[in-house]
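S.K.: So the protein lines, in turn, are chains A and B. Numbering that gives the first Met the number 0 puts the first sequence at residues 0 to 341. Numbering that gives the first Met the number 0 puts the second sequence at residues 0 to 341.
If you are wondering where the hints come from, they were derived from the structure by calculation, not from laboratory data. Any given hint might turn out to be false.
To be verified - Derived PhoX-like pairs: lysine-lysine, alpha-carbon spacing no greater than 20 Å straight-line:
1. A:K135 with A:K20
2. B:K120 with B:K20
3. A:K246 with B:K135
4. B:K214 with B:K184
5. A:K300 with A:K45
6. A:K68 with A:K20
7. B:K214 with B:K45
8. B:K45 with A:K45
9. A:K300 with A:K214
10. A:K135 with B:K135
11. A:K20 with B:K246
Said to hold, decoys possible - Some chain B residues near chain A, calculated using beta-carbon distances under 10 Å:
12. I30
13. A37
14. S140
15. N328
Since the structure is predicted, the reported quantities are computational estimates derived from the model, not experimental observations. No residue lacks a Cβ here, since even glycine has one placed at the ideal position from N, Cα and C.
Number of protein chains: 2
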Amino acid sequence: MDNRTEISSLGEFGLIEHLTKNFETQNASTIVSVGDDAAVIDHFGKQTVITTDLLLEGVHFDMMYTPLKHLGYKSVVVNLSDLYAMNATPTQITVSIGISSRFSLEALDEFYEGVHFACEKYGVDLIGGDTSAAQKGFVISVTAIGEVAPDKYVKRSTAGNGDLICVSGDLGGAFLGLTLLEREKKIWLENPNIQPDLEGETYITGRLLKPEARKDIIEFFETNGITPTAMMDVSDGLSSDLLHICKQSNLGCRVYEEKIPISNESRQAAFKFSLDPTACALNGGEDYELLFIIKQEDYDKLTLNEEISVIGYMTAIEEGSKLLTRGGNTFDIIAQGWNAFG
Amino acid sequence: MDNRTEISSLGEFGLIEHLTKNFETQNASTIVSVGDDAAVIDHFGKQTVITTDLLLEGVHFDMMYTPLKHLGYKSVVVNLSDLYAMNATPTQITVSIGISSRFSLEALDEFYEGVHFACEKYGVDLIGGDTSAAQKGFVISVTAIGEVAPDKYVKRSTAGNGDLICVSGDLGGAFLGLTLLEREKKIWLENPNIQPDLEGETYITGRLLKPEARKDIIEFFETNGITPTAMMDVSDGLSSDLLHICKQSNLGCRVYEEKIPISNESRQAAFKFSLDPTACALNGGEDYELLFIIKQEDYDKLTLNEEISVIGYMTAIEEGSKLLTRGGNTFDIIAQGWNAFG
């Protein structure tokens, strides 16, 4: 960056005007946007779906290896992922930020470039938020709003016994990206002359730093007349998230290790770090894939989509929640996902 | 407090269950609440109104003199105030918090007691949020959701020339409460043996620490068939907020100093601190009163409500934004309100 403009030089209202000037409204449901006490939305008979996520520097992201543009993008995407996980279509977001004087206006512009890019890609409108000075660090709070036809939303608690367990994309990549970046950070802190060795690892670092939400899967459901019986997004790790569906649906499950989708890049990275790729997929979080349950009769429709893997099925609760390994062993699935209070 | 339970001992999901177990749904519009990827709302033909506010320790509140229960209450109320300022009825909130390990579960319980109390008093449902560890301090992000009959919302930009400027309650109290508490804090820091002298100041400290949102005014409008032509809440100070209405409505204004409502308690506190009460009312923020503009023909209806003061009228933009003092002088109104980036 060549220039440094102090954020305080604009004042709060000047800052909001500056940050939001390039955002154009894309949805007819956005009636009143940025600039009033509140925004007004009309979903015209559809139901409104709402989710919110807080991202804190030092807990959810490390400024040492997180580009601000990616951070803005990811802050939006992780919220949209929650809306897709309800089978809803995102329509609006609010973005609130608290920033210390360590950050310049140019830094904030980069963050909002990422927000803008996500808004354009996913067709959502930025309709409000709050900007404030913070004593320390960078605080991000995003609320995402979407719509769904009445009673078409999909909860976690409604899976049926014998239903198939499916997952989109592949798992474990974000965790391996984090492992790599944390290792390189440690090496760099010990010896700042050693440049980070990230060559050939753009897939796993990209999974962590710039995830996508699975809009395509929700559209595929719509086109092919599939309504999952339960769904959530994989943010805490497959084990932890699948156990939520089991608990809330009062069921057990069987998962086949060999069916869990893991990319070649993730597999290679796992071997490099002497980690078990399956453990990374089960316990690593932040992949933002969709974990969903469908009726057996919908199985044939899934073969149209290479992005979907069937990894097991739901059972009665008495049968427990089990992983069947390649070697023929059976283990209890336990929640070892990421925990912000760990 | 007798006990100290570490928040980490519950885990994130245990914590959410613990904090939300006493919250009961009060609105038919709340279809899916806490516990899924997102919440689902159906406003049944009404429009949805959304606002969000970020409250950061050390910037928006000082834990040294802010009881946690009041903080929880205020975090909700300041958001509801924004919805009332759109002429909307609040229906749901989400509450996200980031907390350092300095805070115990018991402390968090006190905060949520305040949230719960506000939810009950204003008839809103807690439908979601996010809880996270923070490296330092206490981060609060609240989003409030409300409903309004189609096109009954009131913006800032639609005041008319000649319309009357009105304000609810009284102004300046919260600023004087802050002045008092900051003074007592300074004295205490210099000499911890001197106990704070807050006797007789419960009105102004209450205005700061436990403000109310003007639900009653919106209900009065409804009952008496009044629709303001423009409205906002007084959060940054009367000057700053009235100038927003002027700017967005492309108008000027005349305000009479003698008509600005100031309580006796505030007036006395101002004299004690050698401050001009009018300056406190014009520039002090956080009163969360409603500033609204009505047509002259609605004037007679207002006399029914002692909580409403008519303080001036809107003019053509060429006539500027002026304050007419008791002494017969005329001053330009300038924005000197509170600025988080100051």
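S.K.: For each hint, tell me whether it holds in the structure or not.
M.R.: Going down the list of hints, with the structure as the test:
Restraint check for K135 of chain A and K20 of chain A: not satisfied, since their Cα atoms lie roughly 27 Å apart, outside the 20 Å limit. Straight-line distance between C-alpha atoms of K120 of chain B and K20 of chain B comes to about 18 Å, which keeps the hinted pair within the 20 Å bound. About 33 Å separates the Cα atoms of K246 of chain A and K135 of chain B, which puts this hinted pair outside 20 Å; it is violated. With a CA separation close to 33 Å, the supplied pair K214 of chain B and K184 of chain B exceeds the 20 Å bound.
With a C-alpha separation of about 27 Å, the suggested pair K300 of chain A and K45 of chain A falls outside the 20 Å cut-off, and the hint is violated. The straight-line distance between the Cα atoms of K68 of chain A and K20 of chain A is roughly 17 Å, inside the 20 Å bound, and the hint therefore holds. For a cut-off of 20 Å, the pair hint linking K214 of chain B to K45 of chain B stands: about 18 Å separates their Cα positions. A C-alpha spacing of about 11 Å is found between K45 of chain B and K45 of chain A, which places the hinted pair at or below 20 Å, so the restraint holds.
For the suggested pair K300 of chain A and K214 of chain A, the alpha carbons sit about 18 Å apart, so the restraint of at most 20 Å is met. As the CA atoms of K135 of chain A and K135 of chain B are separated by approximately 8 Å, the hinted pair is consistent with the 20 Å bound. For the given pair, K20 of chain A sits about 17 Å from K246 of chain B by alpha-carbon distance, which is consistent with the 20 Å threshold. With a least beta-carbon distance of about 6 Å to chain A, the hint placing I30 of chain B at the interface is held under the 10 Å criterion.
Interface hint at A37 of chain B: satisfied, since its Cβ lies 4 Å from the closest Cβ of chain A, which is below the 10 Å cut-off. At its closest, the beta carbon of S140 of chain B sits 4 Å from a beta carbon of chain A; the interface hint therefore holds under the 10 Å criterion. Against a cut-off of 10 Å between C-beta atoms, the interface hint on N328 of chain B is violated, since the closest Cβ of chain A lies about 28 Å away.
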